[in-house]
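Peer 1: If you read the protein sequences in the order shown, they are chains C and X. So the first sequence is residues 30 to 393, counted in our numbering. So the second sequence is residues 57 to 427, counted in our numbering.
Heads up, a few of these hints could be off.
[Unchecked claim] Just a few of them, taken from the derived set where beta-carbon distance is under 10 Å, the chain X residues facing chain C: (1) G134; (2) Q146; (3) S147; (4) V154; (5) A184; (6) S185; (7) A243; (8) T274.
These aren't lab readings, by the way, just hints derived from the structure by calculation. C-beta: ideal position from N, C-alpha, C; glycine also.
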Amino acid sequence: MTRKHSKLTVSLIAVILGVLVGCLILMITGRNPLNIFIALIRSLTGFSINNPARGVNIMYPLNWLLSSMPIILTGLSVAFAYRTGMFNIGGEGQYIAGALACATVALLVDLPPVVHTIACILAGAIAGALWAFLPGFLKAFRNINEVVICVMMNYIALYFNDWFVRSFLPIDPLTLARTENFPETVSLGNLGFGTASQFNWGVVFAIIGVLIFWFVMEKTTFGYSLRATGFNSEGSRYAGMKNRRNTVLSMMIAGAFTGVAGAIVIIGNYGYGRIFTTFDNFGFDGIAVALVGGSTAFGVLAAGLLFGLMAASETQFQILGIPSEISDLIQAAIVFFVAIQYGIKLILDFVDKKRINKKVKEVA
Amino acid sequence: MKKLFRIALVAVLALSLVACSSSTDQPEATGTTSTSGETSSIKIGFVTDTGGIDDKSFNQTSYEGIKRFASENGLVEGAFEDGGNFTYLQSSGEEQYVPNLSAFAEQGANLVAAAGYLFQESIESVAASYPDVNFVAIDVAPIDLPNIQTANFMVNEGSYLVGVAAGTKAVENGSRHVGMVIGGESASMNMFWAGYQEGVWSVCPDCVISYDNANSYTDAALGRTLAQKQYNAGATVIFACAGGTGNGIITEAGERRTAGEDVWVIGVDTDQYDLGIYDESTGASCVLTSMLKRVDTATYNASKQILEGNFQAGNIDYTLADEGVGIPSENPNLTESDLAAIESAREAIISGEVTVSTEPQTSETNSLIIG
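Kindly produce the complete structure, drawing on both the sequences and the hints.
Peer 2: Okay, structure coming up:
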């Protein structure tokens, strides 16, 4: 009976409740909650309900997809580790490592177009994987909590990036606070269709990421052994699986997803190497995305698009007089409702039971 | 499941009813704004960086320039869709710059303003996409487009003046030692540092300068630690050139002054005198003076040009002469002779008698303690 309340149902209910919480807050503070929907629809479709005469502006949906790309990848990262029983909170560090490796290859290596870009993104993936190696290794072979190591690795990445960029990469003389622009051979193109949107071919890597995740996790023996490790590490070892190797590899693959996110953002949105002063928070967003997406490939895709929509809508929210923090608040509420999914399931079961009782009575 | 769907539907419908009822009072609001005269058609948008609109620094100050212009010309703050003339968009991340700038342009803004060198690439690409919209970018390197004005500040000139103030105090105090804390290495920070050095050494050639890079504009605790270090080393005055990190320096100076030590802080960007008040009863402040960077002048002037129809594309360097940089008009902590020294330095710079460098001297000179 309870089985039919799938993760999808719970997530959908959580999303609806999250948006309702946002509406409620707006109503309490005397603003028009309808504007949330106007803003979301404009970000989603480019159509302005307030100004139908303007027609559809494709820039807004493109910006939505653009902001979804990195968090889909970081969501895949967290989900991949989670399926193997690991909590990858080190996304920020892996993201910065990916961005740094990408910038290094972009600025210090000479390659023809396309090849250069792919090399940069591969470098990002490898750097992300290497950055995630240590937490995975220590967890597998020394049983040290990966959360602590991951968080420390985040800060190491932040400051290591600063030192490395200033020491080895060509610094932009005008600001001294970032690198020179990448050469023209490093580019993800522009798919803005004549608008100011920075939407680019990075989307291909996000889609490939989803497919790789799905194939490896659901369709291969390796994926099966990873999942088995996640269900019961000792049990999987007893069954002859290499649970320690799986733990390390899973973290590294997770790190690679986030590293690619770092690479496509730095090529697509910036075009130069950065000196990070704070985290971009894509790694942390990935945790919410994986949670809401139920840690499956297509769930993460959907959740990534949803959270990307929330991020992209911040502009529209503000234009319509809604504080941008409402977007964060809705996201937080969605995560909250997903986190208490057991409670939601209880309520659903209760509703079901009542209905059955009613039917039984009717029959009687 | 069906029941649940019904409940959800009812909830949504109920909500939209509430929403509709509350939206009925909106036309009145727009009605009142549209009566405010001819100028009401002008639209000015300001995009913040990640610091937010209330950062007590360049975002806030830049927006205040627009506000000041608006209040003088009867412009209304509010979303363009509600008939407002000027408003702002906050960027929660750097990747929001392009979407935010272009959203204003899409909304038919006459002027889109942004402050901070991080906008360099984004404002250039958006300005290229919207040739009919004018842009003003503060602290951004010159951009060769007919619809963009870049505003830069010769902060080295203003820093020279506060350097004179610091040097004079160090001579009066007898310590012959001053300090400076920066928030991070950048070309703009180098200008501050270059001007300050020259200012100090112009009045006190043998003064020692302690120099520390906090590498953070937000870490007040670190600022305080660095202040302790420099004051303990003998510095009389610290130029706190580090945003929020500087608040920690001000705290430390306030405590030391309460304990009877003769130490001072020099504020940055805005007049930070009030921030330095350590004794509420007497109103005594540990902020000697502040190095003002009038970013509000830049947004004010650009807005004015838009209204008057004479928008000036290209780069504008705001200097001491046009009061783009300088010190506050009121400086209760400076004596008459201090002020006289600063005034003569100011005149010398404006007349061209003194040229302030934009690049600092290297640490070869033994008058520096680089920490």
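Peer 1: Return the numbers of the hints above that this structure violates; sort them in rising order.
Peer 2: none
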